[in-house]
Amino acid sequence: MTAVTRVEPGTPAGLVQQYQGDFAVVLPSHIKPETWCRVAIGALRRDRNLEQAARSNPASFLGALLDAARRGLEPGTEQYYLVPQKVKGQMQVRGQMGYQGVVELIYRAGAVSSVIVEAVRQNDTFSYRPGRDARPTHEIDWDAEDRGPLRLVYAYAVMKDGATSKVVVLNKHDIARAKDSSQGANSAYSPWVKHEESMWLKTAVHRLAKWVPTSAEYMREQLRAVKAVEAEQVGPGSIGAVRDQPVTETGLEQAADPHAGDEFVADEVTGEVIDEQDPPRSEYATYDPDADPTTEPDW
21 MTAVTRVEPG TPAGLVQQYQ GDFAVVLPSH IKPETWCRVA IGALRRDRNL EQAARSNPAS
81 FLGALLDAAR RGLEPGTEQY YLVPQKVKGQ MQVRGQMGYQ GVVELIYRAG AVSSVIVEAV
141 RQNDTFSYRP GRDARPTHEI DWDAEDRGPL RLVYAYAVMK DGATSKVVVL NKHDIARAKD
201 SSQGANSAYS PWVKHEESMW LKTAVHRLAK WVPTSAEYMR EQLRAVKAVE AEQVGPGSIG
261 AVRDQPVTET GLEQAADPHA GDEFVADEVT GEVIDEQDPP RSEYATYDPD ADPTTEPDW
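Quick note on this note's numbering: the sequence shown kicks off at 21 and runs consecutively.
Honestly, the hints are just simulated from the structure, not real lab data.
Quick reminder that beta carbons are idealized off the backbone N, C-alpha and C, glycines included.
Be aware that a few hints might be false.
[What the hints assert, rightly or not] Computed spacing ranges between beta-carbons, pair by pair: (1) H215 - H50: 40 to 48 Å; (2) N143 - M179: 28 to 36 Å; (3) K214 - R155: 29 to 37 Å; (4) G109 - R149: 45 to 53 Å; (5) S133 - S201: 26 to 34 Å; (6) P29 - R155: 37 to 45 Å; (7) H193 - G109: 30 to 38 Å; (8) Q110 - G151: 48 to 56 Å; (9) N191 - S134: 30 to 38 Å; (10) R171 - E28: 29 to 37 Å; (11) H193 - G130: 31 to 39 Å; (12) A164 - N191: 20 to 28 Å.
With the sequences and hints as input, model every part of the structure.
Structure below.
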């Protein structure tokens with residue numbers, strides 16, 4: 021028998037249980053809502069700062085959870101981070117997709133057999149020459165006491181027909197630029213501080229997502245489901261009732277966006293914070309086997 025997770029009504033954990041039915045509507049059919057909600061509650065119990073931010077702004081917390089749910093990702097894990105953040109003096113929760121979440125979306129599209137994303141450290145041996153090598157060569161001395169600091173990160177996918185996608189290789193300067201464009205990257209709560217290697221991996225796989233199919237249509241279907249919930253469940257027992265809470269006035273449509281009220285823009289597919297002046301990316305990310313493997317796509 022599965023143990024029942026007991027929570028206090030009115031707390032962030034209580035809100036997760038209260039709106040479990042709403043999350044169930046949005047979650048993919050292969051994910052059990054009860055299990056998904058336990059993961060969310062577990063994240064609250066592990067991180068006091070997250071719990072405090074969720075109390076301060078429950079709509080932002082529910083919004084981040086809804087975003088994770090419609091993507092079919094586990095909140096508070098390396099699939100989908102729940103990041104406490106102070107905005108205009110008030111603590112709130114921002115959802116941010118992790119590298120495992122991006123990899124999951126690539127697999128879901130069904131076009132790849134494997135995704136390889138690895139960090140290279142100073143004492144590793146790494147070689148890759150575009151145009152000559154189909155894939156990188158990466159050797160690790162597993163007996164070494166210390167592999168050294170992070171040096172490079174790379175990512176590529178093996179398509180189901182055996183072909184290799186574009187190989188993405190980034191150095192520490194590329195990573196530094198990506199970090200500089202991410203709001204709150206230097207905050208003590210930021211994944212860039214708490215999970216540095218994972219964010220290096222995410223930056224690489226984020227670039228890879230531009231070259232291989234992702235489940236963009238899958239996510240649009242989930243967003244349509246969220247809007248259907250908003251249209252049908254705006255009474256006192258629904259997430260739409262969050263607008264009546266004194267700390268926020270956002271409705272379900274805004275709550276479904278974990279970045280509502282924030283002063284930045286996020287990539288719709290990967291969740292990566294981007295510069296508003298960046299060119300818009302294509303609605304679908306596709307793999308072009310004839311593309312020049314040494315250049316980045318012009319998005």
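Q. Where does the structure disagree with the numbered hints, that is, which hint numbers, in rising order?
A. Going through the list in order, the structure violates hints 1, 6, 9 and 10 and respects the others.
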